[in-house]
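K.L.:
Listed here are the chains, written in short residue letters.
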Amino acid sequence: MNYTNIDFDQLFGSNDQTNPVMMLIWIVPIIIFVFYGQRIQLQITSGELKKGIKKLEEYKIESRNELIGYVKKNMNPKDDPTKKIDRFLDYFTIMPVNMDPNGIVTKVRHIVRARENYSREHVRSLSPDTSNLELTKIQTLLEIATSLQMIYKVVNHLFLTAKKQNNYPLILPLQMMMPFIMEEAEAMHKAIPAFKMGQPIGDGIGPMVIGKMMLGTKKESIAFQTVFSETEYAGRRLFLLKAEGPDAVVGRPGDAVQSIISKNKLDAIIMVDASLKMEGEESATISQGFGAAIGGIGTERFQIEDIATKYEIPIFAIVIKQSIKEAITLMTKEIADKADEIRAQIYEMIQDNTKFGQSILLIGVGNTMGVNQ
Amino acid sequence: MFSKEKTVVACTVEKCRLCGMETKRKFQEGDFLFTETSKCNSCNGILIIEKIFGETLNNISTS
Chain F
1 MNYTNIDFDQ
11 LFGSNDQTNP
21 VMMLIWIVPI
31 IIFVFYGQRI
41 QLQITSGELK
51 KGIKKLEEYK
61 IESRNELIGY
71 VKKNMNPKDD
81 PTKKIDRFLD
91 YFTIMPVNMD
101 PNGIVTKVRH
111 IVRARENYSR
121 EHVRSLSPDT
131 SNLELTKIQT
141 LLEIATSLQM
151 IYKVVNHLFL
161 TAKKQNNYPL
171 ILPLQMMMPF
181 IMEEAEAMHK
191 AIPAFKMGQP
201 IGDGIGPMVI
211 GKMMLGTKKE
221 SIAFQTVFSE
231 TEYAGRRLFL
241 LKAEGPDAVV
251 GRPGDAVQSI
261 ISKNKLDAII
271 MVDASLKMEG
281 EESATISQGF
291 GAAIGGIGTE
301 RFQIEDIATK
311 YEIPIFAIVI
321 KQSIKEAITL
331 MTKEIADKAD
341 EIRAQIYEMI
351 QDNTKFGQSI
361 LLIGVGNTMG
371 VNQ
Chain U
1 MFSKEKTVVA
11 CTVEKCRLCG
21 METKRKFQEG
31 DFLFTETSKC
41 NSCNGILIIE
51 KIFGETLNNI
61 STS
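As given, the protein sequences belong to chains F and U, one line each in that order. Residue numbers for the first sequence follow the numbering used here, so the first one is 1 and each next one is one higher. Residue numbers for the second sequence follow the numbering used here, so the first one is 1 and each next one is one higher.
Please keep in mind that the hints were generated in silico from the structure rather than gathered at the bench. Please note that a few of the clues may not be correct.
[Unchecked claim] Dumping the calculated BS3-like pairs for lysine-lysine here, alpha-carbon to alpha-carbon at most 27 Å: (1) F:Lys333 to U:Lys26; (2) F:Lys212 to F:Lys55; (3) F:Lys212 to U:Lys51; (4) U:Lys51 to F:Lys190; (5) U:Lys51 to U:Lys6; (6) U:Lys6 to U:Lys39; (7) F:Lys196 to U:Lys15; (8) U:Lys51 to F:Lys196; (9) F:Lys212 to U:Lys24; (10) U:Lys39 to F:Lys333; (11) F:Lys321 to U:Lys6; (12) F:Lys325 to U:Lys51; (13) F:Lys333 to U:Lys24; (14) F:Lys355 to F:Lys55; (15) F:Lys277 to U:Lys6; (16) F:Lys196 to U:Lys24; (17) U:Lys51 to F:Lys333; (18) U:Lys24 to F:Lys325; (19) F:Lys190 to U:Lys24; (20) F:Lys164 to F:Lys84; (21) F:Lys153 to F:Lys164; (22) U:Lys39 to F:Lys219; (23) F:Lys212 to U:Lys15; (24) U:Lys15 to F:Lys321.
Using the sequences plus the hints, can you model the full thing?
P.N.:
Shown next, in the form of structure tokens:
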């Protein structure tokens, strides 16, 4: 065939004898897209979002069923716990008003602790003889199920509102955020087996490092779910602090630091914690820095920073980079293998930044599930 | 289509506090880091759990 003699004027109907069919083929889609473009985009985006929401619903249902199954198997409650657990899952927290931020941290701390105490006592009420380890594991599973339920509810609400209003721009932020939301939800869903088995998670690297340093020392409880011990290194006095393992808890390091400083003079604080890595960063890399390395809602960090500022104590940080999934699921080999190197870096940091006879507080920050001391 | 499914197996590493010999086994419920487990086969020292971690096995499955 010869393709060199195509008459473009004839093909597109742009000569004097304009083809009305070709005109329609051009104009009709333009009109459709002008008036219905957003609706078409809404339909296409809706399909993708629906898949994500279905997955979120599956995670929500599975986490609830896993929790109920675990409670029935391990707590042996007298009555069926389903109704009570469903009520726990719907609990919400109203954060204090922040129009006047003065004193807001103590208010947030009060509300968060009241919620923790309430849920702990209510989980315990299902079977009063349950051990602390089981109780903390169930409390964490309850937190996971509650979070997954909340994520599903919020995402579904935003999606349905956009659909109801036929409002395409309203669905755009959700479409942009969906991959991040799914990553977090998937991580939480995958964390369930580790919590059921009581295995150390990636976030437990801080307590793992300090826990080993505590071996052979006299441990004492210094704050709620928090242990403390003393040792010596190169003529320095070391105070070691971590949450009380092997329970699935993070302890109250803020209260513990307050208690230690009331009886001792501190010359430096070193905090060891897991930290979220950036995209492109390698997992299980160790970084050193300054400032309080501790996550959460911010109340513990505020308390530690407040004490450090008041007594002019420098705070050093060692963090172990990991993804959100690695932080809350079973610890990877790469992270576990770094424990000795972190300990070596702590000793080096002590030698470089403190003098003979000084006192240093070492805090292993993170969830200490499966990590003894 | 082929999709790679990652299977994670939990492992426990025990280390003798005396001779430093390390042994790796499958994780069992009740294993916690730094707990004493048994006596070392080679030197009669005490084994403690040194590490607990997940190792990935790559299973290729059809979907």
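K.L.:
Could you check the structure against the hints above and give me the numbers of any it violates, in ascending order?
P.N.:
2, 6, 14 and 20
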